Amino acid sequence: KAGVTQTPRYLIKTRGQQVTLSCSPISGHRSVSWYQQTPGQGLQFLFEYFSETQRNKGNFPGRFSGRQFSNSRSEMNVSTLELGDSALYLCASSLDRGHEAFFGQGTRLTVV
Amino acid sequence: SQQGEEDPQALSIQEGENATMNCSYKTSINNLQWYRQNSGRGLVHLILIRSNEREKHSGRLRVTLDTSKKSSSLLITASRAADTASYFCATASTGTASKLTFGTGTRLQVTL
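Just so you know, the protein sequences line up as chains A and B, in that order. If you read the first sequence in our numbering, its first letter stands for residue 1, the second for the next number, and so on. If you read the second sequence in our numbering, its first letter stands for residue 1001, the second for the next number, and so on.
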């Protein structure tokens, strides 16, 4: 089975721009979650989607949004980028809540 | 916010020795998962232990869970240089099992 695929691997954006990150989960997995990792805050939960519905949301501003498609692929969008949004963004896929969560290699976003 | 703390923050051992990392958390959990991360890359899933389990093994890994003390430990036996990485515990709370809350991580250095 292929693992979790995140694209792109690296991004450099300018403050004020917006960005879209993509995640393809493991085949058969319907739950996709997104996490932000920074040196200061560690790993923080952004949101989780299951069957195209947002099921859980973390404490991030509305500039962070996501969606899930019928094939379980997910995208997250960050609008009006700030320098503090520079981070490693990780996607995880799972069969459902309570199961193992497998992570992709991440997208390294740098905001300049 | 971080669910809890991992102890120690950093650990340096020689190849062949055992490494023990501890994780404490704050809420009731559905399960606890351990991950490895190499140099800011994606998280590699190591093992999941459910709240009704006390011990689990996978190869050179042994995980224990004490729900009365809200703590878990990860033991890596006969460490290798390739085990050098950061190790994180993540808890899925009862009621919000689709969201993982991560500890602060232990940085393990295995020297030859």
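Derived from the structure by calculation, the hints contain no laboratory data. Please read all numbers here as calculations on a predicted model, not as lab measurements. The C-beta atom is built at its ideal place from N, Cα and C for all residues, glycine as well. Careful, some of the hints might be misleading.
Covered by chain A, according to a simulated footprint, are these stretches of chain B (three or more residues, beta-carbon under 8 Å) [stated by the list, open to error]:
1) 1007-1018
2) 1053-1059
3) 1071-1083
Each computed BS3-like pair below joins lysine-lysine, with the alpha-carbon atoms no more than 27 Å apart [unchecked claim]:
4) K13/A to K57/A
5) K57/A to K1056/B
6) K1056/B to K1070/B
7) K1026/B to K1056/B
8) K1026/B to K13/A
9) K1070/B to K1026/B
Now the in silico label distances, taken between C-beta atoms and shown as ranges [said to hold, decoys possible]:
10) Q17/A to A1082/B: 33 to 41 Å
11) K13/A to N1052/B: 43 to 51 Å
12) H1045/B to Q41/A: 30 to 38 Å
13) G40/A to T1111/B: 41 to 49 Å
14) L95/A to A1082/B: 22 to 30 Å
15) T1096/B to R63/A: 16 to 24 Å
16) R1054/B to E82/A: 40 to 48 Å
17) Q1009/B to R15/A: 15 to 23 Å
18) P1008/B to R15/A: 32 to 40 Å
Evaluated hints:
1. 1007-1018: violated (count 0)
2. 1053-1059: violated (count 0)
3. 1071-1083: Result for this restraint: violated, n = 0.
4. K13/A to K57/A: holds, 25 Å
5. K57/A to K1056/B: violated, 30 Å
6. K1056/B to K1070/B: Between K1056/B and K1070/B the Cα gap is close to 16 Å, so the pair holds against 27 Å.
7. K1026/B to K1056/B: Status holds; Cα separation ~21 Å.
8. K1026/B to K13/A: violated, 37 Å
9. K1070/B to K1026/B: Judged against 27 Å, a Cα distance of about 7 Å means the pair holds.
10. Q17/A to A1082/B: 33 to 41 Å: holds, 39 Å
11. K13/A to N1052/B: 43 to 51 Å: Check passed, 45 Å falls within 43 to 51 Å.
12. H1045/B to Q41/A: 30 to 38 Å: Given a distance of about 22 Å, which is not inside 30 to 38 Å, the answer is violated.
13. G40/A to T1111/B: 41 to 49 Å: violated, 28 Å
14. L95/A to A1082/B: 22 to 30 Å: This hint holds: roughly 29 Å between Cβ atoms.
15. T1096/B to R63/A: 16 to 24 Å: holds, 23 Å
16. R1054/B to E82/A: 40 to 48 Å: holds, 45 Å
17. Q1009/B to R15/A: 15 to 23 Å: Violated - the Cβ-Cβ distance for Q1009/B and R15/A, about 33 Å, lies outside 15 to 23 Å.
18. P1008/B to R15/A: 32 to 40 Å: holds, 38 Å
Of the numbered hints stated above, those contradicted by the structure are hints 1, 2, 3, 5, 8, 12, 13 and 17, listed in ascending order.
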